[in-house]
Amino acid sequence: MSLEEPGPRDVGLTKAGEVNYDELEALLGDAVLDRETHLNAEAFVIRPDAVQDTLSTLKEEAGFDFLNCVTAQEYQDRYETIYHMTKYDDRTQEVGVVVPTSKDDPVSESAEPVFRTADWHEREAYDLVGIEYEGHPDPRRILLPDTWQGHPLSLDYDQTKPQIVTLRENRNPLQEDQRLNDDSDTMLLNIGPHHPATHGVLHVEATLDGEQVADVEPDIGYIHRCEEQMCQQGTYRHQIMPYPDRWDWGGAGLLNEWAYARTAETLADIDVPEYAQVIRTMSAELSRILSHMLAVAAYALDVVGDFTATFMYGMQDRETVQNILEDLTGQRLMFNYFRLGGVAWDLPEPREEFFEKIRAFIDDLPEKLEEYHNLLTSNEILQVRTVNTGRLEPEVAKSYGATGPVARGSGIDYDVRRDDPYGYYDKLDWDVVTEDGCDNYARLLVRLQEVEESAKIINQCVDLLEDWPEEDRTIQANVPRTIKPEPDTEVYKSVEAAKGELGIYIRSDGTDKPARFKIRGGSFSNLQTLPEMAEGEYIADLIASLGSLDTIMGEVDR
Amino acid sequence: MIGLLKSMATTMKHALDGQTFTVEYPEEAPEVSPRFRGVHKFSQERCIWCRQCENVCPNDTIQIVTDEQRNGEEYNLHIGQCIYCRLCEEVCPVDAILLTQNFEFTADTKDELAYNKEQLKNVPWYKDIDPLESREPDRGAWIGEGEGELDYQ
Amino acid sequence: MTLSDTIAGLLGLNADDPLHFFVAAILASAIVGTFMLVNVAIAGPWAKRKITAAFTDRIAVNRIGPFGLMVIVADAVRLLSKELIVPEKVDRPAWDLAPLLIAGSALLGFAVIPMGNGIQVADPEVGLAYVFAVASLASVGLVMAGYASNNKYSMLGGLRAVAQNLAYEIPLVLTGVSVVLFAGTLQLGNVDAANTIVGAQQATLATIGGIAIPSWYAFVNPFAFVLFLVANLAEVGRNPFDTPEAPTEIVAGYQTEYSSVYFVLMYLGEFIHIFLGGAIVATIFLGGPAGPVLPGIVWFLIKIWAVFLFTQWARSALPRVRIDQLIEIGWKGMLVLSFANLILTAIIVGVVV
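Protein chains in written order, with the numbering used here: chain X, 1 to 558; chain W, 1 to 153; chain C, 1 to 353.
By construction, these hints were calculated from the structure, which means they are not laboratory data. Even for Gly, the Cβ is constructed at its ideal location relative to N, Cα and C. There could be a bad hint or two in this list.
[What the hints assert, rightly or not] Okay, the calculated bits of chain W under chain X, using three or more residues with CB under 8 Å as the criterion: (1) 34-45; (2) 69-81; (3) 85-95.
[Said to hold, decoys possible] Below, computed lysine to aspartate or glutamate pairings styled on DMTMM-like, alpha-carbon distance capped at 20 Å: (4) X:Lys368 to W:Glu73; (5) C:Lys50 to W:Glu73; (6) W:Lys121 to W:Glu73.
Based on the provided sequences and hints, a complete structural model is requested.
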């Protein structure tokens, strides 16, 4: 009588709470053609026409409610799309879904009806690799211009082919706008790519009904430089590490470096000395403070106005952190401090002076944060501007694969640092900040509180480093000069970067360079939620919502 | 209303305390950390033309030309293209290429930013700091086991 | 005794002859206009930068001349020598007239403002009504600029500007009317002219510790003063009411397409407008150019610069309200309060006086 139906969380799990891949395979039935082992999880190879069934079964019945990333790649004999799935409740439970398609007819079913986030990911896959997705609502290019010839990451792509197109071939946005005006009262407003509030070169096509936003479409790709390909041309050991810095010029470079370091270290099976892990944790959190301070300061620009003093106060506080990081890493923004197996340098001498600098910053921080609260969060006008605007419900956020402060501002208790621990995080005492407001105000609060949590982490790291025995200060593991992982090893790993979860997929081919290097930028998925937040609200709220997402175009366009 | 007044009080406090955060550059030269990575300095006396820096450079900033006996002829570095990752300094076994603290360089055209070995030699130290001591290069971490042999010609 | 009369007297002209008086009046206007433009020149390229820098802990302009003051000349040359870009399909006469109208209308207002030491071009009996009338002409200029620019951001800015000015002009004028109720006249007058708005404020309200507090309307009716100050912020479009410009939303609103000398005129107009707002506040609430020890003109300058400083202070700290919230504050808040203030004043004046 008391027998209960097994809940969705129980299916596909062993008694110990691990993923039971055999049970999952049985659950998916005859859609499964084969099974692969990736370093991070098992993956099922399925029929191209069973994508929606498979993904929705995994989502509804096995609880894999987070489509983390979609990787597309071309082999000599086939195309392949990999859906990296995991759970918001337990990041360690992962499963890959591999969809092979033939060379001459690379069409597979779109996952968009199951996960909204697949929309942009599949467009990117089509754009760069050339796989088509049946049933996709908007199968256009996303990063490259509509007139682009060929797919840059496909094997037969001609790098030397000129891509110059005449002006006439290019779509004229103004023309379309006038056509729109003929039969409706709406007006198309191009916000960006050069606009004070787009935080980089983002173009938002907003259809306005008076002052209200009827439709929004972010148009990205203006600074696309195919970072994935650049990484594929660099050696694992050194040449890739400088590039993650450049996906985030807001100061979060070290966090991004860690994403690559974590993936490559898993791939090459490198253990990082504990001492280096503590230094990594400390410097990464300093980096997070840099990024969050910029987000808050720039948010003041968006909402308060262009002469706000808050922005400059934020810049000042960042300056202190930048000086600390400059002492440690040698650069103020493009750090290139992490190495595979550790970090480049030990702490600068004299160590006491360096610790003193960090302590002074941490001690001053509560007072500084109080100022931000005075200027922003406790200000009544800012409250009426941000509370209950740009609402992002948790279910919607999950469907779009939102992570980072955006997800936590919607009350989703998800943080890779805690849920899939790396570095030294699991041995330190800190909390994941969540706010249930789901609005712009909640996201602002989350960022300000995360700065406090970061300070807590840094403080504990400094304690540890001060007492670290001198003979045990190994900053780098013994790593071969040339790393050549086994051919066809695949790995997908991610870290909690400043903007959200930054994941990297690498497939090796036996050489010292990756065969496929795929980046999942947290902002890429977060930015996708903009229409959900802004539609039906005022232009001013659209700008405020965009600012609260804290997107960085380096990570979106890559 | 209290919040508004608190905001205004905060900015007024900053206005009245008389402190400024910005400095009058260039009269006042900013402090630069000993580890800071700026423009390169090259020492032909030390260089053994092993070409490791050229190989490790992620974006082909360094160009080395040698004759048939592998004697060095040219060492060109495009500091306008450089991403200041310091990998060249890190791989150099003889400290022949160093990144100084110097961050001040200008040019009218892109070509002028491509330095040859004479120009690289004449890059001044910033405040006479030789960065080598502060960086404590850890060579041990470099000459690890593995198939990549060290190649000093 | 207005400035025009004084000049006529000095030049030996007959003030009763219309032609002579016209010449004297033109000279007087030139003096007052130049004086205000000098103020704006100091405020725009120099003082505003210095004030903003003080709020944000920076140094700001300090290279050219003492305290960087010569940057005013440098900036003037720089701005005027820039190319005047005329976008395609702008509505030509309107587009060209708008900056002139915006700058000119605010300047007109100073004709009746008593600046102390006998500096006042004219003192008509409807002085206050005249000031409000010419000051609101700027709204027409904003709409012209927004509409004629053939730019969507400008259009939005122009619409916002006119909506905002409508919503705040009425509370502004109504609050001004409460002062008129006290004074019983519209004439701005001067310190020594009783039965005028300024003159009426010179009487002693109370004496505290031997110091005579004058009956400035800011002391008599502080509620109206605060109301007027807020409505004035909205009227000149400064934070938290800079919604029509809102650079981070609609770039710069109605002034997006203006460059070079038109840009200068736009900015000039804004700053003159802020000073005119300050002058009105000073005249009807702060006793005009009156004050102890220092000459009247100095007190007048102190008062208008204080209001200017206040607008800059507000812009350093206060967030911008959204357009619908702005309209709501205007029509549902300020209007009701200003009516309440008016009725209250009427009762006080009727019962007490």
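Verification of the hints:
1. Judged by the Cβ-Cβ criterion of 8 Å, the region 34-45 of chain W is covered by chain X as claimed, because 4 of its residues qualify and three suffice.
2. Evaluation of the coverage hint for the region 69-81 of chain W: breached, as 0 residues show C-beta separations to chain X shorter than 8 Å, against a requirement of three.
3. Coverage of the region 85-95 of chain W by chain X holds in this model, with 5 residues showing a Cβ closer than 8 Å to a Cβ of that chain against a need of three.
4. At roughly 56 Å between alpha-carbon atoms, Lys368 (chain X) and Glu73 (chain W) are farther apart than 20 Å, so this suggested pair is violated.
5. The suggested pairing of Lys50 (chain C) with Glu73 (chain W) is violated, with an alpha-carbon distance near 55 Å, which exceeds 20 Å.
6. Simply put, Lys121 (chain W) and Glu73 (chain W) have alpha-carbon atoms about 14 Å apart, close enough for the 20 Å limit, and the pair holds.
Checked against the numbered hints given earlier, the structure breaks hints 2, 4 and 5 and satisfies all the rest.
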